[in-house]
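Based on the provided sequences and hints, a complete structural model is requested.
Here the protein sequences come in this chain order: A and B.
Everything in the first sequence is counted per the numbering used here, starting at 1 for the first residue and increasing by one.
Everything in the second sequence is counted per the numbering used here, starting at 1 for the first residue and increasing by one.
Among these hints, one or two may not hold up.
[To be verified] Partial list, derived from the structure: chain B residues whose beta carbon lies under 10 Å from chain A: (1) Ser49; (2) Pro160; (3) Leu263.
[Said to hold, decoys possible] Computed beta-carbon distance windows for the label pairs: (4) B:Leu292 - A:Leu34: 20 to 26 Å; (5) B:Ser87 - A:Val264: 44 to 50 Å; (6) B:Ser229 - A:Leu48: 32 to 38 Å; (7) B:Thr44 - A:Thr41: 50 to 56 Å.
Rather than coming from a laboratory, the hints here were simulated on the basis of the structure.
Even glycine gets a Cβ: it sits at the ideal position worked out from N, Cα and C.
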Amino acid sequence: MSAFTPQYLPGGEPPNSGHGRRSSPWTWRWSDRLVLVCAWTAGIGLCLLSAAIVIYMGVRGIQYLRPGLLFTRPSVSTSQSQSGGFLDPLIGTALLAVIGIALAVPLAVCSAIWVAEYGRPSWLARVVESAIEIVAGTPDIVLALFGLAVFQLGLFAPLSFRAEGGGVFGRSFVAAGAMMSLIALPPLYAATRDGLLAAPAHLREAAFALGKTRIATIRRVLLPSVRSNIATGVTLGISRIVGDTAIVLLLLGETLHIEAQGSVPGLNVLRGTGSTLTTYVYDNSPAGEGAAPQKAYAAAFVLLVFVLCLNVLVDRIGRSHSRATGLALSGGAV
Amino acid sequence: MTAPAEQPPAAPAPSSSTGPASPRGAGLLARLREPWPDRRAERTLGAVSLLVGVCVIAMLVFVGVRAWPIFAHNGLSWLGPGGSLESQLGNMQATSVNPPAAAFHLRAWPLVYGTLLTTIVAVVLGMAIAVLSSIFIVELAPARLRALAIPVIRLLASVPSVIYGLIGILVLVPFVGNHLVTASEKASEQNVVELTGAGLGVAAVILTVMITPIMIALICEALTAAPTSWREGAVALGLNPLRALIAVTLRAIRPAIVAAAVLATGRALGEAVMIQMVSGGRSFSPNPGDGLIFFYEPLRTLASAIVDYHEGLGAPALRSALYAFAALLLFSAFALSIAGYLIKLPLRRYQTQG
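Structure representation (structure tokens):
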């Protein structure tokens, strides 16, 4: 910036005149300059780090990912060329995301509406808010153990199956999906509530002036106007479900294939066990039993691409929403 | 909470839906389609929201009940040191359906110590990085770089933990084991523990990368929200812009920084899979007296122990131990969320005052 050599100025002394209004970093105390350098390093370093992660996973993924891997079922083998692809884990991931979101959306949207629009008595609303905060702060491994304790109750035997000894196995797609819904709940709730709180008051006033009841206003006016918020929440929820390992590890039974239980089509898969991309990566890494790093890299690459896409999607939805100004009356008003 | 103050003007009650209960099936569906009376909608929505509260209570009850035997046999001293944890957990796994009282003996200090160690190292490291890079993002970076940095850091936050674990176990651990740990260091610890590279150092570094983005998000938000006029006043008094930012704005957003640290601590405490993959999986307590080797020594945290032993959940004693670990994690999560609430109180006050 400035031409002269950095001088060691005693602290507090005003810099020489002739610099204009902007103070040049060269005239700062060296401790300030150190902070400046550290801040630049930290910021750029983090960017480079995430670029490095994406590039490394990309290189490994392209190296080991064959299109066939996506469509062949895994099989048990010690050699990496024989152990098949990861069709079943892919389906498992999709299935869990669908179950989790299907359970989480009504719960989150109802609570957000109730807290934001009714919220009486106010202490009860605060209880609901803090309950969701606690769920958000609970580690996924604890949620997994909780789910296991719940679904091993005799009451829930139809949702998994009974082992020989009479104990309930407690691991199934329903069990894992139910806990996944708790993982997806906080972002969904927060997105919906923020949307409702940001909805302009005149939307409600206009609807009330037309003689709408509160619930009719919510259904016909407010919900359509927060649709994109809900979409953002759903996307965030899916990306959390897709990336979760601990719940799947404990609650999905860790079978290589999707193994159905019972004879009712559709329901038997929900009662059955399986695996997802995350547990597939885990099991094929040196931490799991089968040390097949190539398969693990390929699956991790697919997983990362999923997460990247969901990230971009969140961005897109957010941007289109800010353009739409929240005045979405045309869509839902009767 | 923030329902509009004015009541809806005398809503015409949709009379048809308040009639006697219609037959099930198609009738029920038709009733759902009709406009609901407000009162019933409010009650239904409220009941659904309370389900979350019920879930939290159920979580406390279920985890507590299953963890109870450990507390009943050991009191709170299972958190303390004593004996070899590996053999205690091994005994638990070996017992049958009806374990003798002796099987419940547990002293889990290495796990508590490992959890504290990884969390503290990661949070302290992450805090410094987060504050510095927040300053970078909000103040220093040119607009273009800032537009790039925000999504990039959000990406860092959303990478699944198993991918971090995979990179750790396949890249970092071999690197540390082969290049950083010298043969003499390995030999010096030969009789105590095998140094493979997996351990505190790698776990803490990856954990830092995982929790830093969370802190950055909160700190950046607070930095942008803080009034610029304060800082301008300081600059007018002769401070350089960076010093003014540190002296005035950073000081003003201290509650937000602490809140970020609390949130990150919660995340770090509960991280299970990544730590399990890169921490060596030995119930060993790294000894700070060992010098640099300290960072290469393996450990195990409460959460990663659950992952390590989850296949032994069938053995009642071991199951109870794992649920006790979960109960401890749950308790810390509770304590942290209360702490977060208390910390945010002054922040809220200063925000409402403008």
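Hint by hint, here is what the structure shows:
1. The beta carbon of B:Ser49 comes within 4 Å of a beta carbon in chain A, closer than 10 Å, and the hint placing it at the interface holds.
2. Taking 10 Å as the C-beta contact cut-off toward chain A, the hint placing B:Pro160 at the interface holds, the least distance being around 3 Å.
3. For B:Leu263, the suggested interface contact is upheld, since its CB lies about 8 Å from the closest CB of chain A, less than 10 Å.
4. Distance hint check: the CB atoms of B:Leu292 and A:Leu34 are about 25 Å apart, consistent with the given range 20 to 26 Å.
5. Taking the beta carbon of each, B:Ser87 and A:Val264 are about 46 Å apart, inside 44 to 50 Å as hinted.
6. Between B:Ser229 and A:Leu48 the beta carbon distance is about 35 Å. The supplied range of 32 to 38 Å therefore holds.
7. The supplied range of 50 to 56 Å is met by B:Thr44 and A:Thr41, whose beta-carbon atoms lie about 55 Å from each other.
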